[in-house]
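Got chain A sorted already, so can you dock chain B onto it with the hints?
Chains A and B, in that order, give the protein sequences. My numbering puts the first residue of the first sequence at 1, with every later residue one more than the last. My numbering puts the first residue of the second sequence at 1, with every later residue one more than the last.
Some hints could be false.
SDA-like cross-link-like pairs, simulated, lysine to any residue; straight-line CA separation at most 25 Å [to be verified]:
| id | chain 1 | residue 1 | chain 2 | residue 2 |
| --- | --- | --- | --- | --- |
| 1 | A | 106 | B | 134 |
| 2 | A | 138 | B | 27 |
| 3 | B | 138 | A | 24 |
| 4 | B | 378 | B | 423 |
| 5 | A | 79 | A | 111 |
| 6 | A | 138 | B | 378 |
| 7 | A | 106 | B | 291 |
| 8 | A | 79 | B | 38 |
| 9 | A | 107 | B | 33 |
| 10 | A | 107 | A | 147 |
| 11 | B | 422 | A | 77 |
| 12 | A | 138 | A | 109 |
| 13 | A | 77 | B | 314 |
| 14 | A | 138 | B | 147 |
| 15 | A | 79 | A | 32 |
| 16 | A | 79 | A | 130 |
| 17 | B | 422 | A | 106 |
| 18 | A | 77 | A | 33 |
| 19 | B | 422 | B | 200 |
| 20 | B | 138 | A | 94 |
| 21 | B | 422 | B | 225 |
| 22 | A | 77 | B | 35 |
| 23 | A | 107 | B | 38 |
| 24 | B | 138 | B | 110 |
| 25 | A | 179 | A | 112 |
| 26 | B | 138 | A | 111 |
| 27 | A | 79 | A | 136 |
| 28 | A | 138 | B | 133 |
| 29 | B | 378 | B | 314 |
| 30 | A | 106 | A | 79 |
| 31 | A | 106 | B | 90 |
| 32 | A | 106 | B | 378 |
| 33 | B | 402 | A | 130 |
| 34 | A | 77 | B | 38 |
| 35 | A | 138 | B | 328 |
| 36 | A | 106 | B | 36 |
| 37 | A | 138 | B | 390 |
Reference listing, derived: stretches of chain A covered by chain B, where coverage requires no fewer than 3 residues with Cβ under 8 Å from a Cβ of chain B [claimed, not checked]:
| id | segment |
| --- | --- |
| 38 | 19 to 29 |
| 39 | 37 to 43 |
| 40 | 56 to 65 |
Calculated directly from the structure, the hints in this document are not laboratory data. No residue lacks a Cβ here, since even glycine has one placed at the ideal position from N, Cα and C.
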Amino acid sequence: MPIQPAHVHLSLVVSHDRRAASDGDLARALIAGEGWAMAETWRRFAPMVLMMAKRTLGSQSEAEDIGQEVFQRLFRKAKALREPDSLRSFIYAFTIRALQTELRRKKLRGWLHLDHPAVWSGQGWGTLDVESRDLLRKFHALLERLAPRDRLVFILRRVESMTLEEIAATMGISESTVKRSMRRAANRLSGWIGADPDLAGLCDTERWVR
Amino acid sequence: MTTTCEDPEGSRALTLLTERYRDGAEPPSPAELDRGLDTLLAQAPGKERRPGLARWSLVGASVALAALAVLGIASGYRTRLPAPEPSTLTYEIHGGSAIEGGYLRESGHAGVQVIFNEGSTFALTTGTRGRIRTVDRKGAHVAIEHGTASFRVTHGGGRRWLVDAGPFLVTVKGTVFTVSWEPLRERFELRLRRGSVVVSGPVSAGEMALRAGQRLVVNLAKAETVITEESPEPANGEAAGASVQRDTPAPVPQPPRVPGQPTGAVPSLAPVPATVAKSALDHRWSADVARGHWDRILRDVERVGVEEILGRASSDDLFALADAARYRRRPDLARAALLAERQRFPDSPRELDAIYLLGRVEESRQSGTARAVAWYDKYLIRAPTGPFAGEALGRKMTLTDKLEGPARARPIAADYLRRFPKGNYAGSARELMRAP
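Here chain A stands alone, though its shape is the one from the complex:
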């Protein structure tokens, strides 16, 4: 039986411990097609992507779908990554774009009656008492009512704590548009909350005020 020549990949990663590899080294390994890099990229960035998706969409299963989509695209397009050191930003941008598309898709499908939104179940939000679950369910229903861009801007700013500049850069819009979107989302949410006695009276609920 002929002996197959061993295929030895030349590694661009110098670190002995792959988990200690910098983001740049990891990106270079992805570009070089090294097998370990995919698993390490997932391990390092999947929690961030999944959390952002879960908080934006309010659904664990939809967040998992977005996670798969983001990493599949990333691995397909890794060779096009021009600045390996900015891998994290690249993944952030991928995720936000995927979320933007998903929110638009859901909104449009809702209008066309092709999709019926699911009631927020609280799965993936820890152990919630019924009161808290009800309040968060109401809050999620209000988020569902926002326009996709306003909702995403609100989540990125208030939940993910991104700066206006970062949001503008990743969403490809101007800072003033981000500000307008943010103001609109906050005003609408506040108005709706004010009209709901349970939500408006939240500050009287001891367990909610730290």
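Just chain B, lined up with the frame of chain A:
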């Protein structure tokens, strides 16, 4: 900390909600991450584009772009589709029928088998009570209330299968397994022949990822969790099917042959029985609840009539109505909906949810405290390890303290701390224990 809601536009409440929403989201567990990586690696090679595809002619590319644009509009700008969106699952029931609430009623003594159009099947052994909770293009959600069921879930299409077995939730993608739940003995068992699943439920280990050949037995009464190794089933599809037939405790009926159709093919599927299909009203009410359009539901009730709704609405409708009424502070209507649910669907597992919620509704009614305690007691007797057991015991403790004083509430607090030392009411229970 002093807080105020006097801030214009209620922004303080918005901040509180946003913080709770943000902080409540749990990071993915190691099992979830492993499962995600497995899926990703399994799909990665199939997603690679063939080099030839890059050499499209200009005309071909233009046509494709135009088609994509049309598709994009039709599917709501859905650009995330490397593969077409899976079609809605349909199924056919053999050896029984579906009744209200998706429950499967056995017509003979040979169990019930459900065959899906994408190749997945599951079979309830005779005497098993189970129901189909939801079936859509995203997958299926099945609940086993008691007894044993065997599943063969076809991998692919990005579908998600969820199986409730008592207080346990089994998340699967493509696999062959048997699951059973005995509520009286509080015993859960899962034998995994092929693939992998994640089991979550009231066990100290949290989520458990199982691989082929493992058998998990959880005895809640004895607080025992045992995982043993068995021989995994070969990956071959035919062998898998044969094994399911052989190992299933009771013979599973085979689908009848359809004339003109080759042996082994899934027969053409009859429409989903009307009793399972959701009514237009039901579908809209669920969507209304999700969107926060509670007033719309209440307007529907006023238009159609309360009695008419309570007497004819489905179980899902009644829960949607109860939610809407609770959220709009109409406890009498919420109570009526929940009582109707109990009366009309006495065998439904959601009856337990109704019992707990009746307690909550009574709490919001004038002089309903004693009745609320009675509902919580009822829930604790019926579902001592149910999903709301901690809440029911905590509420009972609080209300007993209010009604009869700390001396009567203290034994409940001690019981609560023993059973739920990290529960939502643990702080209040400790305070009660320290009180003179």
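Status of each hint after checking the structure:
no. : hint            : in the structure
1   : 106/A <-> 134/B : holds (20 Å)
2   : 138/A <-> 27/B  : holds (22 Å)
3   : 138/B <-> 24/A  : violated (37 Å)
4   : 378/B <-> 423/B : holds (20 Å)
5   : 79/A <-> 111/A  : violated (38 Å)
6   : 138/A <-> 378/B : violated (28 Å)
7   : 106/A <-> 291/B : holds (12 Å)
8   : 79/A <-> 38/B   : holds (22 Å)
9   : 107/A <-> 33/B  : violated (29 Å)
10  : 107/A <-> 147/A : holds (8 Å)
11  : 422/B <-> 77/A  : violated (46 Å)
12  : 138/A <-> 109/A : holds (21 Å)
13  : 77/A <-> 314/B  : violated (49 Å)
14  : 138/A <-> 147/B : violated (36 Å)
15  : 79/A <-> 32/A   : holds (8 Å)
16  : 79/A <-> 130/A  : violated (48 Å)
17  : 422/B <-> 106/A : violated (38 Å)
18  : 77/A <-> 33/A   : holds (11 Å)
19  : 422/B <-> 200/B : holds (18 Å)
20  : 138/B <-> 94/A  : holds (23 Å)
21  : 422/B <-> 225/B : holds (21 Å)
22  : 77/A <-> 35/B   : holds (23 Å)
23  : 107/A <-> 38/B  : violated (31 Å)
24  : 138/B <-> 110/B : violated (30 Å)
25  : 179/A <-> 112/A : violated (30 Å)
26  : 138/B <-> 111/A : holds (20 Å)
27  : 79/A <-> 136/A  : violated (42 Å)
28  : 138/A <-> 133/B : holds (23 Å)
29  : 378/B <-> 314/B : holds (24 Å)
30  : 106/A <-> 79/A  : violated (31 Å)
31  : 106/A <-> 90/B  : holds (23 Å)
32  : 106/A <-> 378/B : violated (41 Å)
33  : 402/B <-> 130/A : holds (20 Å)
34  : 77/A <-> 38/B   : holds (20 Å)
35  : 138/A <-> 328/B : holds (11 Å)
36  : 106/A <-> 36/B  : holds (23 Å)
37  : 138/A <-> 390/B : holds (23 Å)
38  : 19 to 29        : violated (count 0)
39  : 37 to 43        : holds (count 4)
40  : 56 to 65        : holds (count 3)
Comparing the model with each numbered hint stated earlier shows that hints 3, 5, 6, 9, 11, 13, 14, 16, 17, 23, 24, 25, 27, 30, 32 and 38 do not hold.
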